[in-house]
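Take a look at the letters that make up each chain.
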Amino acid sequence: MGFLEKLIAGLKRTKEAFSKKMYQLFTGRELDDEFYEDLENTLISSDLGVEATEQILEEFKDECYKRKIKKPEDAKQLLKNIMIDAINYDIQEYSYPLVILVAGVNGVGKTTAVGKLAKYFVNKGKSVVVAAADTFRAAASEQLEVWAERAKVRIIKHEEGSDPAAVVFDAIKSVKAKGTDVLLIDTAGRLQNKKNLMNELGKINKVVGREFPECDYRTYIVIDATTGQNALSQVEAFDEIIDMDGIILNKLDGTAKGGVVFAISVEKELPVCFIGVGEGIDDLLEFDAKFFIEELF
Amino acid sequence: MGAFSGLSEKLNHIFSKLKNKGKLTELEVKQAMREVRIALLEADVNLTVVKEFINNVSQKAVGDDILKGLNPTQQVIKVVNEELIRIMGGTHSKINIADKPPTIILMCGLQGSGKTTMCGKLAVMLRKQGKNPLLVACDIYRPAAIKQLQVVGKNANVPVFEKGQINPQKIVKEALKEAEHNGNDVLIVDTAGRLHIDEELMDEIKGLKKSFNPSEILLVVDAMTGQDAVNVASKFNEVMDVTGVVLTKLDGDTRGGAALSIRAVTGKPIKFCGVGEKLSDIEIFYPDRMASRILGMGDVLTLIEKAQAAFSEEEALEMQKKMKNNSFTLEDYLVQMDKMKNMGDMSQMLSMIPGLAGKLNGKNMEVDETKIAKSKAIIQSMTPKERQNPDIIKSSQKKRIAAGSGTTVQDINSLLKQFSQTQEMMQKMTKRGGMRGMRFPF
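In order, the protein sequences belong to chains A and B.
Taking our numbering, the leading residue of the first sequence gets 1, the next gets one more, and so forth.
Taking our numbering, the leading residue of the second sequence gets 1, the next gets one more, and so forth.
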């Protein structure tokens with residue numbers, strides 16, 4: 001399957017739920033109060049959150065008025081454009097050596113995302129090492145080991161319960177010695193309100209900054225597309241500790257719409273960099289706002 | 001900071017604006033309800049549920065007897081409370097035990113909802129109730145899932161049955177034999193995470209239901225799920241006819257919209273919730289207590305139960321006697337610290353105290369567990385004599401203790417000061433005669 005087919009297949013269910021609503025909304029309707037209320041309900045039901053919904057709605061109303069838009073079809077295009085603008089960011093190209101730290105709350109699919117990222121960089125012809133810095137969850141490093149085998153990359157791991165910062169320290173040493181292009185760091189899931197665990201993440205972050213200042217360092221937070229407005233608080237808390245660079249939006253192959261990325265974009269200005277659309281090793285795709293929206297409608 | 005705190009805070013704010021008003025107008029109630037609507041939506045409560053909720057509350061709250069009656073704000077809050085309890089299912093529901101053992105509990109849910117961990121927690125809980133559970137590993141897809149269940153089983157001190165990555169039907173069949181052989185009366189079957197729309201995998205789990213007729217089919221749902229939570233729950237319920245729902249990760253600062261929506265939409269009760277990383281961090285879901293927490297009115301009942309689970313009655317009496325005789329030593333202090341830790345997350349417990357939830361923000365409430373560990377290390381570095389009578393600890397002893405515990409003399413001073421304050425406080429409390437049952441010295 002090529003890239004486009006995969007994306008389309010992955011988003012198919014997301015698309016079904018959302019686009020059906022959008023279709024009903026924009027078909028043969030007048031742009032009256034009832035229409036706006038239905039639109040508001042659709043956006044809120046898609047996890048956009050109250051604030052992002054209101055902002056998008058306001059802009060949409062303004063533009064409709066200014067441009068004297070009457071036809072539903074034109075209005076739909078306008079809404080698409082507004083939504084694309086809300087989540088479209090320029091993402092800086094990677095330079096190598098590259099270190100990517102993958103963080104997030106429990107169960108969002110961090111380990112899986114690291115496995116897929118490894119394959120992504122291998123496909124680009126880069127050498128990759130993964131570091132199993134989730135030393136907390138039972139069998140986490142074994143899980144990463146399976147992914148490392150699938151992607152045919154090296155793994156650095158310690159025993160369960162050991163210091164994750166030490167794993168990262170060793171991984172950096174190894175990467176430097178062998179001149180590896182990419183180091184991917186898998187971290188333990190932590191709920192954003194657990195202060196000690198969050199501080200531990202800060203420590204891992206410091207190790208990278210101190211031991212490998214010359215690398216291109218990116219920090220990604222993995223968000224489960226089914227998450228609601230709690231994703232905002234996740235981003236906020238992780239950003240406070242390690243200054244996040246982007247989002248990996250996972251599990252978009254369900255019926256969830258990942259609408260919370262709009263809330264995050266409007267309120268926190270953090271771009272989505274990758275999306276996860278399945279459980280296969282190639283089911284991680286670069287995010288393209290325009291394509292994403294076009295596919296949703 | 002526990003679940004619902006964000007929602008709690010918002011609702012408190014909304015109602016505090018109404019407070020001190022002798023009378024309420026219909027408009028004021030309407031305005032408040034509009035704000036409640038936004039608060040609920042921001043807490044990820046399902047849109048349909050929110051609409052129904054607001055409708056019901058508005059209808060009940062604008063009657064003459066409420067608006068013109070005594071203390072109308074309290075009356076409105078009462079209506080909200082009742083409605084919250086109603087949508088969460090009224091009373092709590094127990095786990096179904098089969099008439100003829102073994103009882104089979106089948107766990108299902110999306111990927112990453114926390115099924116494997118919840119299996120361990122259920123096992124620990126059932127063991128405490130005198131059952132002899134067996135964990136059955138049927139997640140044959142996710143890498144290392146079986147290993148994870150084995151580790152969980154080891155920590156829970158509960159046997160795990162696995163057959164590698166073969167057909168789950170066969171695994172359960174053999175597990176039943178094993179259970180009969182070893183006298184396990186409950187089988188907890190961990191399954192792979194699956195999307196509710198993945199027909200092939202849904203068929204697989206449907207097959208398990210058909211072949212083994214479990215007494216309990218529990219759907220595990222991540223409390224942080226957004227508006228999609230009800231779609232997932234409805235679909236699982238449609239296929240599996242689940243017997244109940246387990247909410248996990250309720251210890252995050254989720255506003256718990258899923259808790260409020262799922263029962264209303266599926267009609268299936270929430271039975272348990274996971275509230276922490278430890279295997280003992282599981283609670284029975286009581287709709288009335290949850291409503292109380294959401295409205296910032298605390299949850300004293302759960303707090304007392306947690307204390308009772310951590311301290312036996314004899315221990316409590318013993319402690320009380322010591323407090324009375326002023327013979328409470330650093331040794332006892334150490335024991336108490338351990339017990340408190342067993343009760344669970346400190347900040348969560350604080351949020352159960354009436355009047356505290358929704359009023360403290362997360363930063364104030366964070367209890368530093370490393371500080372407790374430090375105190376423990378200090379006391380453990382003392383000689384038994386010193387623990388009995390801290391007055392004999394002079395500066396040379398302090399230096400020794402500091403070296404032994406990896407702390408500083410200042411740390412030791414502050415611990416000793418804290419301890420003497422605790423002793424004083426206990427004296428006062430016992431003299432006032434207010435001591436009954438458990439009290440916590442810190």
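Where hints are given, some of them may not hold.
Stated by the list, open to error - With the Cβ distance kept under 8 Å, some of the chain B side facing chain A (calculated, not the full set): (1) Ile38; (2) Gln227; (3) Thr370.
Since the hints were made in silico from the structure, they are not lab data.
Being a predicted model, the structure only gives us computed values, none of them experimental.
Note that beta-carbon positions come from the ideal geometry of N, C-alpha and C, so glycine has one too.
Each hint tested on the structure:
The beta carbon of Ile38 (chain B) is positioned within 8 Å of a beta carbon in chain A (closest approach about 5 Å), and the interface hint is therefore held. Look at Gln227 (chain B): its Cβ gets to within about 5 Å of chain A, closer than 8 Å, so that hint holds up. Hint on Thr370 (chain B) holds. Least Cβ distance to chain A is approximately 7 Å, under the 8 Å limit.
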